[in-house]
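Engineer: Position one of the sequence shown corresponds to residue 488 (the numbering used here), numbered consecutively onward.
Don't take each hint at face value.
Claimed, not checked - Label pairs and their in silico Cβ distance ranges:
#: 1; residue 1: Asp574; residue 2: Arg648; range: 17 to 25 Å
#: 2; residue 1: Phe609; residue 2: Asp574; range: 42 to 50 Å
#: 3; residue 1: Trp664; residue 2: Tyr530; range: 21 to 29 Å
#: 4; residue 1: Ile694; residue 2: Arg732; range: 28 to 36 Å
#: 5; residue 1: Val705; residue 2: Gly679; range: 32 to 40 Å
#: 6; residue 1: Leu598; residue 2: Pro624; range: 14 to 22 Å
#: 7; residue 1: Phe613; residue 2: Val506; range: 42 to 50 Å
#: 8; residue 1: Met710; residue 2: Gly649; range: 34 to 42 Å
#: 9; residue 1: Asp654; residue 2: Leu690; range: 43 to 51 Å
#: 10; residue 1: Ala686; residue 2: Asp654; range: 16 to 24 Å
Simulated from the structure, these hints should not be mistaken for laboratory data.
Remember, predicted model here, so these are calculated numbers, not experimental data.
We put the CB at the ideal spot given by N, CA and C, even for glycine.
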Amino acid sequence: MRKLSPPKAISHALNSVWVYRAMAIRIILPWLPVIIAVSVLEYFAGTTEQPATGIGPGGLMQIASTVVAIAAVAAISVNWHRFILRDETPQGMRLDGLMMRYAGNTILTMLPMLLPALLMVFGIVFFPPLVTFVGLPLLLIVGATVTRLSIKLPAVALDDRGFTFRDAWAATQGSFWPCLGVFLLNALILLGFFLALSAVSSLLNLISPAFAMVFLVVAAGLMQLVYSLLNASILTSLYGYFVERRDF
């Protein structure tokens, strides 16, 4: 049985983004002004007076922002999967049934993360030891599980309707620990993005709060899109390794 090396999988994914950085920029760039515009509208909607009951402008913009973010992630991921796995050159923003199906499958894949996330929030607020003894181990187990199930997403991008979550699970059988390693390294990449963004934003805030806010809106939107592509690249590498039997 082949044994997945998490560091090799991550480095292969990152190298793919670097080698094809021009295409990565081409895929991301159309979504950047959309994400920034929605973020700005969400910020100003949040500063308005909210109604005592019902959903106010801030709540509506949060919903709109979430929908746009999911669409952007799905469109970027589908374009990247198809470019790497099928050498298909993307043409502008992807807004089609394939993108919508990818978005739906992404939501289904991430649903198992809700329980450990809620347990960790509950533990932090009411019973901190719960986070250590229950929430964190459960998060790691679910993280590895979600990574295994996510192998289906590149198949969705390739419009392979015969490849199911069960097939993704079977393809990664015996790879719990390597998939957990990929999940943890992926989480470290995301954490690094947040720490860098927070550090630069805090520094700029000392100089000019207004400029810091502008930077935060633009940089946060760019970070979201870049990370979406990096995550898609990781899933592409895993799909190539487990399903198409490619080597790194």
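Engineer: Tell me if the beta carbons of Phe613 and Val506 are separated by a distance inside 42 to 50 Å.
Structural biologist: holds, 48 Å
Engineer: Return holds or violated for the Cβ distance of Val705 and Gly679 against the range 32 to 40 Å.
Structural biologist: Violated, since Val705 and Gly679 (Cβ atoms, about 19 Å apart) do not stay within the stated range.
Engineer: If I claimed the Cβ atoms of Trp664 and Tyr530 lie 21 to 29 Å apart, would that claim hold in this structure?
Structural biologist: Given a distance of about 42 Å, which is not inside 21 to 29 Å, the answer is violated.
Engineer: Take a look at whether the Cβ-Cβ distance between Met710 and Gly649 falls inside 34 to 42 Å.
Structural biologist: Holds, at about 35 Å.
Engineer: Is 17 to 25 Å a correct range for the gap between the Cβ atoms of Asp574 and Arg648?
Structural biologist: Since Asp574 and Arg648 have Cβ atoms about 21 Å apart, the given range 17 to 25 Å holds.
Engineer: CB of Ala686 to CB of Asp654, is that within 16 to 24 Å?
Structural biologist: Between Ala686 and Asp654, where Cβ atoms are some 42 Å apart, the hint is violated.
Engineer: 28 to 36 Å was suggested as the range; check whether the CB atoms of Ile694 and Arg732 agree with it.
Structural biologist: Given a distance of about 53 Å, which is not inside 28 to 36 Å, the answer is violated.
Engineer: Can you let me know if the beta-carbon spacing of Phe609 and Asp574 is within 42 to 50 Å?
Structural biologist: holds, 47 Å
Engineer: Do the beta carbons of Leu598 and Pro624 sit within 14 to 22 Å of each other?
Structural biologist: Given a distance of about 19 Å, which is inside 14 to 22 Å, the answer is holds.
Engineer: Indicate whether the distance between the beta carbons of Asp654 and Leu690 respects the range 43 to 51 Å.
Structural biologist: Given range 43 to 51 Å: holds, Cβ gap about 48 Å.
Consistency note: the structure conflicts with the earlier hints numbered 3, 4, 5 and 10.
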